[in-house]
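**Student:** The residues making up each chain are set out below.
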Amino acid sequence: KAGVTQTPRYLIKTRGQQVTLSCSPISGHRSVSWYQQTPGQGLQFLFEYFSETQRNKGNFPGRFSGRQFSNSRSEMNVSTLELGDSALYLCASSLAGSGWNSPLHFGNGTRLTVT
Amino acid sequence: QKEVEQNSGPLSVPEGAIASLNCTYSDRGSQSFFWYRQYSGKSPELIMFIYSNGDKEDGRFTAQLNKASQYVSLLIRDSQPSDSATYLCAVHRGGADGLTFGKGTHLIIQP
Chain A
1 KAGVTQTPRY LIKTRGQQVT LSCSPISGHR SVSWYQQTPG QGLQFLFEYF SETQRNKGNF
61 PGRFSGRQFS NSRSEMNVST LELGDSALYL CASSLAGSGW NSPLHFGNGT RLTVT
Chain B
1 QKEVEQNSGP LSVPEGAIAS LNCTYSDRGS QSFFWYRQYS GKSPELIMFI YSNGDKEDGR
61 FTAQLNKASQ YVSLLIRDSQ PSDSATYLCA VHRGGADGLT FGKGTHLIIQ P
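Sequence lines, in order, name chains A and B. Note that our numbering gives residue 55 to position 55 of the first sequence, counting from 1, and the numbers run on in steps of one. Note that our numbering gives residue 33 to position 33 of the second sequence, counting from 1, and the numbers run on in steps of one.
I should point out that these hints are in silico values taken from the structure, not numbers from a laboratory. Here the structure is a predicted model, which is why all the values come from computation and not from measurement. Quick reminder that beta carbons are idealized off the backbone N, C-alpha and C, glycines included. It is possible that some hints are incorrect.
Said to hold, decoys possible - With a straight-line cut-off of 27 Å between C-alpha atoms, the simulated BS3-like cross-links for lysine-lysine are: (1) B/LYS56 with A/LYS57; (2) A/LYS57 with B/LYS42; (3) A/LYS13 with B/LYS42.
What the hints assert, rightly or not - Computed footprint of chain B on chain A; a stretch qualifies when at least three of its residues, placed anywhere within it, have a C-beta under 8 Å from a C-beta of chain B: (4) 48-60; (5) 105-115.
Could you put the whole structure together from the sequences, leaning on the hints where they help?
**Tutor:** Okay, here's the thing in structure tokens:
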């Protein structure tokens, strides 16, 4: 079974630009979560989607948004990029959302560098 | 503010010994607990999860949970150099909340 696929693997953008990241979950998984990983803050929860609906959102500004399509694929968008947005963005899929009966499986991530 | 605390390390353990990784959490409402392993430059991979007080064993790995003390640990028996990685502790409150991760413990297994 194929794992979680994230594209692109690497991105370099300039401050003020916007970026869209893509995630294809494991087949059969209906939940997709997004996390930001930085050396200083570690892994931080961005948002979770289940059946095309955002179920929860972490403590990030409105510049960070996402959506999920009917085939469970998800996209994350960051507008008006700032230098501090440079990070590894990880997508994780699960059968039914975060929790003991539905562990997260992470993709390889998209490394975003903002200059 | 939900917090998960881990000693950042590095924790150095000789090959063949038991590595003990610890994690404390602040949210008493946390219901499930996860250990992920992350190799440098790679994404986190799930090692095991636990949700009941006590021990849970899976091969060389044992997770221990003490909800009264808000403490969860991971023991790695017969440590191998391939176990060298950063170990992330994560907790989940339940419902639609995302996981709250600790910043990880860097484990080094010395041959």
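**Student:** Can you confirm whether chain B covers the segment 48-60 of chain A, using C-beta to C-beta distances below 8 Å and requiring at least three such residues?
**Tutor:** It holds: at least three residues are needed, and the segment 48-60 of chain A offers 5 whose Cβ sits within less than 8 Å of chain B.
**Student:** Could you grab the alpha-carbon distance between A/LYS57 and B/LYS42 and see if it respects the 27 Å cut-off?
**Tutor:** The given pair, whose Cα atoms are some 25 Å apart, holds under the 27 Å limit.
**Student:** Tell me whether the statement that chain B covers the segment 105-115 of chain A is true, taking a Cβ distance below 8 Å and needing three residues at minimum.
**Tutor:** Result for this restraint: holds, n = 5.
**Student:** Between A/LYS13 and B/LYS42, does the CA-CA distance stay at or below 27 Å?
**Tutor:** Given pair A/LYS13, B/LYS42 holds - Cα atoms ~22 Å apart, limit 27 Å.
**Student:** Quick one, are B/LYS56 and A/LYS57 close enough, alpha carbons at most 27 Å?
**Tutor:** Roughly 31 Å separates the two Cα atoms, so the pair is violated.
In this structure, the one hint that does not hold is number 1.
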